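**Student:** Here is what each chain is made of, one letter per residue.
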Amino acid sequence: VVDASLGEIAALLGGELVADPSVRVTRIGPLDGATPDTISFLSNPRYRSQLTVSHAGCVIVAPAMREAAVARGGALVINDPYLAYARLSRWWDERVRRVPPTGVHPSAVVDASATIAATASIGPSAVVEAGAEVGEGAVIGALCFVGANARVGAHTRLAPRVTLGERCSIGERGIVHSGVVIGADGFGFAPTEGRWDKIAQLGAVRIGNDVEIGANTCIDRGALGDTVIEDGVKLDNLIQIAHNVRIGEHTVMAGCAAVAGSTTIGPRCTIGGSARVQGHITLVEGVNLSTQTFASRSILKPGHYTGVFPIDDNATWEKNAATLRNLHTLRDRVRALEKSLPPAAPKPLDE
Amino acid sequence: VVDASLGEIAALLGGELVADPSVRVTRIGPLDGATPDTISFLSNPRYRSQLTVSHAGCVIVAPAMREAAVARGGALVINDPYLAYARLSRWWDERVRRVPPTGVHPSAVVDASATIAATASIGPSAVVEAGAEVGEGAVIGALCFVGANARVGAHTRLAPRVTLGERCSIGERGIVHSGVVIGADGFGFAPTEGRWDKIAQLGAVRIGNDVEIGANTCIDRGALGDTVIEDGVKLDNLIQIAHNVRIGEHTVMAGCAAVAGSTTIGPRCTIGGSARVQGHITLVEGVNLSTQTFASRSILKPGHYTGVFPIDDNATWEKNAATLRNLHTLRDRVRALEKSLPPAAPKPLDE
Amino acid sequence: VVDASLGEIAALLGGELVADPSVRVTRIGPLDGATPDTISFLSNPRYRSQLTVSHAGCVIVAPAMREAAVARGGALVINDPYLAYARLSRWWDERVRRVPPTGVHPSAVVDASATIAATASIGPSAVVEAGAEVGEGAVIGALCFVGANARVGAHTRLAPRVTLGERCSIGERGIVHSGVVIGADGFGFAPTEGRWDKIAQLGAVRIGNDVEIGANTCIDRGALGDTVIEDGVKLDNLIQIAHNVRIGEHTVMAGCAAVAGSTTIGPRCTIGGSARVQGHITLVEGVNLSTQTFASRSILKPGHYTGVFPIDDNATWEKNAATLRNLHTLRDRVRALEKSLPPAAPKPLDE
Numbered sequence: 001v002v003d004a005s006l007g008e009i010a011a012l013l014g015g016e017l018v019a020d021p022s023v024r025v026t027r028i029g030p031l032d033g034a035t036p037d038t039i040s041f042l043s044n045p046r047y048r049s050q051l052t053v054s055h056a057g058c059v060i061v062a063p064a065m066r067e068a069a070v071a072r073g074g075a076l077v078i079n080d081p082y083l084a085y086a087r088l089s090r091w092w093d094e095r096v097r098r099v100p101p102t103g104v105h106p107s108a109v110v111d112a113s114a115t116i117a118a119t120a121s122i123g124p125s126a127v128v129e130a131g132a133e134v135g136e137g138a139v140i141g142a143l144c145f146v147g148a149n150a151r152v153g154a155h156t157r158l159a160p161r162v163t164l165g166e167r168c169s170i171g172e173r174g175i176v177h178s179g180v181v182i183g184a185d186g187f188g189f190a191p192t193e194g195r196w197d198k199i200a201q202l203g204a205v206r207i208g209n210d211v212e213i214g215a216n217t218c219i220d221r222g223a224l225g226d227t228v229i230e231d232g233v234k235l236d237n238l239i240q241i242a243h244n245v246r247i248g249e250h251t252v253m254a255g256c257a258a259v260a261g262s263t264t265i266g267p268r269c270t271i272g273g274s275a276r277v278q279g280h281i282t283l284v285e286g287v288n289l290s291t292q293t294f295a296s297r298s299i300l301k302p303g304h305y306t307g308v309f310p311i312d313d314n315a316t317w318e319k320n321a322a323t324l325r326n327l328h329t330l331r332d333r334v335r336a337l338e339k340s341l342p343p344a345a346p347k348p349l350d351e
Numbered sequence: 001v002v003d004a005s006l007g008e009i010a011a012l013l014g015g016e017l018v019a020d021p022s023v024r025v026t027r028i029g030p031l032d033g034a035t036p037d038t039i040s041f042l043s044n045p046r047y048r049s050q051l052t053v054s055h056a057g058c059v060i061v062a063p064a065m066r067e068a069a070v071a072r073g074g075a076l077v078i079n080d081p082y083l084a085y086a087r088l089s090r091w092w093d094e095r096v097r098r099v100p101p102t103g104v105h106p107s108a109v110v111d112a113s114a115t116i117a118a119t120a121s122i123g124p125s126a127v128v129e130a131g132a133e134v135g136e137g138a139v140i141g142a143l144c145f146v147g148a149n150a151r152v153g154a155h156t157r158l159a160p161r162v163t164l165g166e167r168c169s170i171g172e173r174g175i176v177h178s179g180v181v182i183g184a185d186g187f188g189f190a191p192t193e194g195r196w197d198k199i200a201q202l203g204a205v206r207i208g209n210d211v212e213i214g215a216n217t218c219i220d221r222g223a224l225g226d227t228v229i230e231d232g233v234k235l236d237n238l239i240q241i242a243h244n245v246r247i248g249e250h251t252v253m254a255g256c257a258a259v260a261g262s263t264t265i266g267p268r269c270t271i272g273g274s275a276r277v278q279g280h281i282t283l284v285e286g287v288n289l290s291t292q293t294f295a296s297r298s299i300l301k302p303g304h305y306t307g308v309f310p311i312d313d314n315a316t317w318e319k320n321a322a323t324l325r326n327l328h329t330l331r332d333r334v335r336a337l338e339k340s341l342p343p344a345a346p347k348p349l350d351e
Numbered sequence: 001v002v003d004a005s006l007g008e009i010a011a012l013l014g015g016e017l018v019a020d021p022s023v024r025v026t027r028i029g030p031l032d033g034a035t036p037d038t039i040s041f042l043s044n045p046r047y048r049s050q051l052t053v054s055h056a057g058c059v060i061v062a063p064a065m066r067e068a069a070v071a072r073g074g075a076l077v078i079n080d081p082y083l084a085y086a087r088l089s090r091w092w093d094e095r096v097r098r099v100p101p102t103g104v105h106p107s108a109v110v111d112a113s114a115t116i117a118a119t120a121s122i123g124p125s126a127v128v129e130a131g132a133e134v135g136e137g138a139v140i141g142a143l144c145f146v147g148a149n150a151r152v153g154a155h156t157r158l159a160p161r162v163t164l165g166e167r168c169s170i171g172e173r174g175i176v177h178s179g180v181v182i183g184a185d186g187f188g189f190a191p192t193e194g195r196w197d198k199i200a201q202l203g204a205v206r207i208g209n210d211v212e213i214g215a216n217t218c219i220d221r222g223a224l225g226d227t228v229i230e231d232g233v234k235l236d237n238l239i240q241i242a243h244n245v246r247i248g249e250h251t252v253m254a255g256c257a258a259v260a261g262s263t264t265i266g267p268r269c270t271i272g273g274s275a276r277v278q279g280h281i282t283l284v285e286g287v288n289l290s291t292q293t294f295a296s297r298s299i300l301k302p303g304h305y306t307g308v309f310p311i312d313d314n315a316t317w318e319k320n321a322a323t324l325r326n327l328h329t330l331r332d333r334v335r336a337l338e339k340s341l342p343p344a345a346p347k348p349l350d351e
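Residue numbers (the numbering used here), protein chains in the order written: chain A, 1 to 351; chain B, 1 to 351; chain C, 1 to 351.
The hints are all genuine.
With a straight-line cut-off of 27 Å between C-alpha atoms, the simulated BS3-like cross-links for lysine-lysine are:
1. B:Lys319 <-> C:Lys301
2. C:Lys319 <-> B:Lys339
3. A:Lys339 <-> C:Lys339
4. A:Lys319 <-> B:Lys339
5. B:Lys319 <-> A:Lys301
6. B:Lys339 <-> C:Lys339
7. B:Lys339 <-> A:Lys339
8. A:Lys319 <-> C:Lys319
9. A:Lys339 <-> B:Lys319
10. A:Lys339 <-> C:Lys319
11. C:Lys319 <-> A:Lys301
12. A:Lys319 <-> C:Lys301
13. A:Lys319 <-> B:Lys301
14. C:Lys319 <-> B:Lys301
15. C:Lys319 <-> B:Lys319
16. C:Lys339 <-> A:Lys319
17. B:Lys319 <-> C:Lys339
18. B:Lys319 <-> A:Lys319
Calculated directly from the structure, the hints in this document are not laboratory data.
Please read these numbers as outputs of a predicted model, since none were measured by experiment.
Extracted from the complex, chain A is given alone in its bound form (with noise of 0.2 Å):
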């Protein structure tokens, strides 16, 4: 349990503390239901009406919510709450969080000419085979394979029932998630004879620094060159990344989202959940693709792009979709209309 200062915590963020420094809190909490001893945050302005009843010990606001904050108890006014709740929240991690022993559980299977750092930690039951090697302050979890020469840079933190293939790697400060498969077989087969005839994956995955990985998302090997997942990249769980894929820098994708073979996705793009991105296209910087949304093709101007088919009611749905399925013939209706009306008739407004 954290039990800590706001003159503590105000000196680890910085900003305004308007509040007794030596009031202790021992929880971080939404302002919904928040306690005396709890610190809270307001960021979104959509929450503005719970700080005004907030019981929190400790709201940490933007400037221009310092009266609202204050008329109602403490307060640590701040530039970008947001962030500085990110930072308090690692602070308060690390205090909270068990730190997995250093050195190598008994019941792990490692192999002799593989190298592990002296402050690595390698989970009972972890798998690391020939030649592999784990950084320092690096933590293989429970049951993990690591495949031969993989290589697990420093304080990157692998959570139990993670597979890292042969050949891949994965660099610094990185987190992978439980079931998250690293160098599995890209999907490539040549037809022939109406069958398929399998081709060998030979490349690895490369990944950057400071990359998180979501729970049972899979990036496959490349072909002959590298899957490449670039520095600062967040993938949620659920994520498909085919083979010889490249991802940008700080490119975010949410759950479920997947990206076929070949495609190369560019730094600071934001992709929605469950959208896809056809194999072999690129999608430039600062492309912003909508939830379940498939970019069919190239996108090479920065903006946000979006195809959903928007929910309704089932029998409403039913109607729309069914004159969907003849809007082409609906559109001739309207183009032969205009062309049997007098010539005083307004033109067409497109084609």
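For chain A, the structure is supplied; the task is to place chains B and C on it using the hints.
**Tutor:** Frame of chain A, contents of chains B and C only:
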């Protein structure tokens, strides 16, 4: 192998047996392909034609089907044949399923501070960490990871290769299939100078009683509070439940569905396969979301909701999709036509 | 590292070698970036411009490309370059891939009643239960779970961390990637008094020969009969195959596709990524389902089928989606316009 008399089965299920109670069956099977030693059932009227020609030794039917069933052989007449079949299937399963041995397998790694009930089973190479609790009759499958201070309720079964993260809990009589990840970090980052700063995920996952979770499904831990799955929820395979979501009791979700962060889904909802629910919204009790539909906003009225592009042959789809891309222009053209007509013309029906 | 002469490769693949057969190559690689010690190939005409400037020591090309290839260096001229590349890639892979040692790793837990062929390999910390059979030359990767009475055919490889459930089977020469779950319970419940009563899943999964299954894909066991995957099927990552599905031979499915229960997909179909097939329907042989398309009804004619909302910039999408929500009203307005016109006007083209 099960070898049961019809009399024994009728005693279990109730209903009226119209058959020699001493006849024995050794299989439960579909009507189609059934043999005299098979017990079958008819619940979906769509399979009625299969009834009259089935060689099943006994068919479980509703009263309305009594005559048709008896005309061809034995019958067990009962009000809800599907429910009777469900019950029979479980009775059958108990007779054929391998029961894992009580106690801790010698290859498992169980922390000395974990509490394992005397009648629980810990499978080969499972890992159970400090402070974890495993209830009476619970089964932790081979190669599972149960994190520190996690709790598994009585008679809950974890199939092989499941992750139950630190401090996460599941109630009684649950079933968790292989590859499930409970308690990976939620996907939370604060943007800063073109990078993404991690928000530590300090909450946990709390799962009620009688919950079933399909293979490779992921349920993330909360950021501050907990992610909550209430009693009786059934989740299919490859589902994504993000942080701070709450799923109400007896709600079911089909495969590949996904719920984004901080959303509340009410009790007794039905979420179709590959459907997706936006973050920070609410679906009230009794919402039925169609397959592949994206619920982009709160749904505050029970009912059936849909948003999916209807399938067609590719050539027709291409023509309709091309028109769809200019749909607002088409609407403008219709409006122009309406305005150009003499006053006697009908007025627009919408807007 | 492979070091092969062009003569050796030509002997393997056939075709006409237009190069010094004693020249040696040590890499297979794409045209772009190839060095004189690289063998490359050209199959997609789209990359033809890369051919003329490639420094590859040898390029595998079709007869039509012979001149262009020879003008720049060595060439192997062959009828199907892509197929030749596939074969070469496998030959190459056999020379670089680490071969797992024959026999049972001491950390594996293999039941005494399991039958393990003499030339099979059981990896570290794998678990093989009672009555299971593992064929000649088969590989059970590290941390795999092979359930009671499951069967793995000769020369089939399970990558690390795979689940093959009780009584499930896979034929010969298969490849199963990390995280795959074969034989979890199908999703079957009978509704009763606002709750869901589990239907025990008594069937199994039967998989043919030459099947490849991508990472984290799930194939559920049947309720009464079996779920069946026929010979030569190729499944990509994160695919969901529900209970009692049958997939016909040589059908391929791309990543994140899903098939709901009791559906039959014919042989030689192509199911696009993130596509979804409704339950209890049939797709005949030779159906090509586009990416992200939902097959909501049976498809009884071979062909190419699509249903996906076209992507657009978000502002245009919003305007089109708004009109789409009232599409049936727009159709009514067009009909009203048609009726209001004098008899000379053209007749409606549909309905």
